[in-house]
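Chemist: Chain residues, written in single-letter form:
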Amino acid sequence: MTTSLLSSPRRAASERDGAKPVRRTRAARIALHVFLAGTCLVWIAPLLYAFYTALRPYADTQRLGYVSVGGHYGFGNFTAAWTQAQLPQYFLNSLIITVPALVLTLWLASMVAFVVSRYSFRINVALLMLFTAGNLLPQQALITPLYKLYQLVPLPTWLASSGKLDDSFVGLILVHVAFQTGFCAFVMSNYMRTLPAELGEAAIIDGASSWRYYWQIIMPLCRPVLGALATLEFTWIYNDFFWATVLMQTGANRPITAALNNLSGEFFVNNNLISAAALMVAVPTLVVFFALQKQFVSGLTLGSAKG
Amino acid sequence: MARSSAELDGLSRRSLLRFAALGAGAAGLAPFLAACASGGTTTATDAKTVTFGSNAAVPEPKGAYQSLFAQAKKDIGLGVDVNWVDHNTFQQNISTYLQGNPQDVFNWFAGERMQFFAGQGLLHEVDDVWATIGANYTDAMKAQSKGSDGHYYFVPFDYYPWAVYYSKSLWQAKGYTEPTTWDEFIALAKKMKSDSLIPIAFTDKDGWPAMGTFDYLNMRMNGFDFHINLMRKGDQWNTPQVKAVFDQWAQLLPYYSPGALGLTWQEGAQQLLGQQAGMMVLGLDQIGTIFTGAKAADLGFFAFPEIDPQHGQDSVEAPIDGFMMSASPKNHTGAVKLLQYLGTAKSQQFWLGSNPADIATANGVDTAKYTQAQTASVALIQKAANISQFMDRDTRPDFADPVMIPAIQQFLNNPGDVGSIISSIDKQAKSIWASNG
Amino acid sequence: MTTRQRGRRLSARDRTTLTLMAGVPTILTVALVWLPALASVVLSFASWPGIGGVQNIHWVGLQNYRDIFSIYPPFHPALEHNLLWLVVFFCVPAPLGLFLAVQLDKQIRFSRLYQSVLFMPVVLSLALVGFMTELIFSPTQGLINNLTGHTQGSSVIDWLGNPNLNIWAVLVMACWRQTGYVMIMYLAGLKSVDPSLKEAASLDGASGWQTFRHVVWPALRPINVVVLVITVIESLRAFDIVYVINRGTDGLELLSVLVTDNIIGEASRIGFGSALATILLVISMAFIVPYLVTVFRKDSRT
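For the record, the sequence lines run as chains A, B and C. Mapping of the first sequence onto this note's numbering: position 274 corresponds to residue 274, and the numbering continues sequentially without gaps. Mapping of the second sequence onto this note's numbering: position 271 corresponds to residue 271, and the numbering continues sequentially without gaps. Mapping of the third sequence onto this note's numbering: position 155 corresponds to residue 155, and the numbering continues sequentially without gaps.
Take the hints with a grain of salt, since some may be wrong.
[Stated by the list, open to error] Output of the computed footprint for chain B on chain C, the stretches with three or more beta carbons under 8 angstroms from beta carbons of chain B:
1) 40 to 53
2) 215 to 221
3) 254 to 266
For the record, the hints were derived by calculation from the structure and aren't laboratory data. Quick caveat: nothing in here was measured; it's all calculated off a predicted structure. Backbone N, C-alpha and C define an ideal beta-carbon position, used for all residues, glycine too.
Full structure from sequences and hints, please.
Modeler: Here it is in structure tokens:
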């Protein structure tokens, strides 16, 4: 069933209904828009306020207070943060960590989810519990043994200049993958369960291998959930600085979130400058959200197997 | 960068399969990229270079260190390869840092905070450094640089005093004079209150600033020895002496900033700068960053008032920052040479430059270049018979923040509860000191 | 779900494929998550500064647990705050997120714009959210007290320092973030609701509420499990906002903060911190496992 086929009955239905329901629908729509716009305004206000503050020099807000108008406005904090915190270098570090970690997480999680949701192995529930519960563990509780473990695992120096899993990009990527796979596997397995069982029967009749069943039949139907998860996981991995600060001792290799800390000294903190930097740091996550939004907004392809 | 953003676009536009294939490519690429990127910081192995772990990634001290190390290259022909880390991260991860691949020399603090790590075997003694620089330092400084085994582990660099700060112009306008005793202090606070000022800017959202007031009260009432024993041994918390300190403290609470527990020290300092508040107990290192430029000359201070004449004002809280050597430095000879260089008045003065918030630890600094506040700080410290570091430097790190910050905040909320608060501190202290390490 | 493939019908090659597909992620998770977690549970019976090798570990039995329950003042407030967090997250962001998702799932204009704005708090970093909290709630500099004239003398409302008040200020910010998170999960879930069912219902003259109640809600069951789990996880792991405000003291104690205080930091009490982490883990499990077991059991029977 295609998009147009799906949406046509709806249009036809509202045309068939009398004038009254249409008016009521229109009023309801307007009320809905007013509500949503109002909520959005409340939601975005803190961000706008932070942006407003970031436009002002620290000296002015100290003199006039934060709730004030006047003084200078400009992008001075943004340019200062960009150069002082060496943001470009740290953006690169963040990409080196986030992109492979994200892709590996989704890939591994989708395979686990596929196995536990599309087959009835006896071990499935236990497996899913293992992954879901793993996600419940507080990171802080794992860090000491993990650090000791990372000290023990050697890596060739072409892979990590430290010669160990500790203080290496590989180590950071792996810990993100291990920690995030649980949640993704859990969400995806729940999602895959909702896909019709007939898909599997069709695959068997066609003599498709398990791999083809996974890769060519199930995965394309998972776009909405992959989109949602990719957005969330990108955000989490990108915004993490807990693993990064403990498992990466070389300051210059830390991700961008750690670089934000480079703007605050032992005692003195210029919040306006940090706000400007933090706003710039948030840009990639917003870009990813916009880019992936389509994946879960255009979920209508779901009907494909039901026509 | 370009490659990666192209991949991100790919996520949205291309088919899922393509997206996954690209991703797998990226995953394969990661180690390669990692290898490239980590080339940025090389591990120095040649004798001409010393590695340095710095907690000063923020531009202000970073610049000063960069020019100091450039100067060191000229003076002693030694290159310094620095791993810049921000202050809080460096501090929090010090123990994992020292167990991993630490640099040869690194920033740290004097006091129990240094001795703790010396005791764990994570440091290299620096006796040979002191053989050269010993003459540059006072005995008080030497005492602050030794571990409990008698070896030197620390080279002091800069320090700053804690005192009661005020705005000179405000005091002039109102005709206030510096109090020296507790009664004068309280009378002044009362007067300020009737002048509709906040008598004492006191803010403790950060948790640590209140420790300074405790330290001074304890040293003034019970003496330096009691204070330092309390900090080091942790076995005297549930005593009438400590209870008296908190009860004395309770007398000050009516004069503190409203909403003190919701305000950062910077907001408190702002009350002082804006002349809404009359005084503030703080360190020069902090207040000096608020009273800058034209306001720098307006910053005055006096020693925390006398409470018991037996102890007078004989102790000053003056935290010392400096350097230590990691347990197995790659270039030991170079590290010793660098520390010897850093332990001189010349290098310290060079680093201080125009920084008005710290003073040099070595003797022989040209004090003519100091600001009024710096000169007064030197005088204050030289008068003192004892120097304390600060609660979080004088006591065990696993006790200071986790136990004392909540306990003091609880006291500020319920000053009538002192009995149960000190009993709880005492139990926790005993459990922590009884555990190994 | 009745016709899901049975294991015995699989070829040897498929079996190998499936074993690898589930096995590789399992090995990674076990090695990097479960082994360290088990080590933590073991360490909770020890006293260890985390420095040096295992020879520095002293076994102290249940001492850490005894200390936590008897002489560790922040423990009880932390427990209460985590439970309060859980209750609030169930009562506010979960239903609100669902409501917003259902509205945004209708084919309305500006839907993507609304979604973006509502989701935005989720992507912002710790530093920024902390600063925003400060901007809004600071007693003297904050937006609320300035707009309502509570910045002077005894009229100051101490949103961040008053231990009875500050948890609510923090919860406002936490809900602000959580709602977008829940919304996005429900949005993804709503896409799996067969649109023809909704069409059929509206053709039958069902109201919006009826359609939701009888068509959409039952179909959302798998996502409800997800939302339940993330609500529990997020409320028990809640950490960052309180940590930026005052490191989780003075009315903002949380279990995760206590774990951090004792494990991460200049000097660690690994054993004590691990014991706190183990308690946190047990509480999480107590909420999640019974629910998951019933859900999965029901599922495999149908």
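Chemist: May I ask which of the numbered hints given earlier this structure violates, with the numbers listed in increasing order?
Modeler: Hint 2 alone not satisfied by this model.
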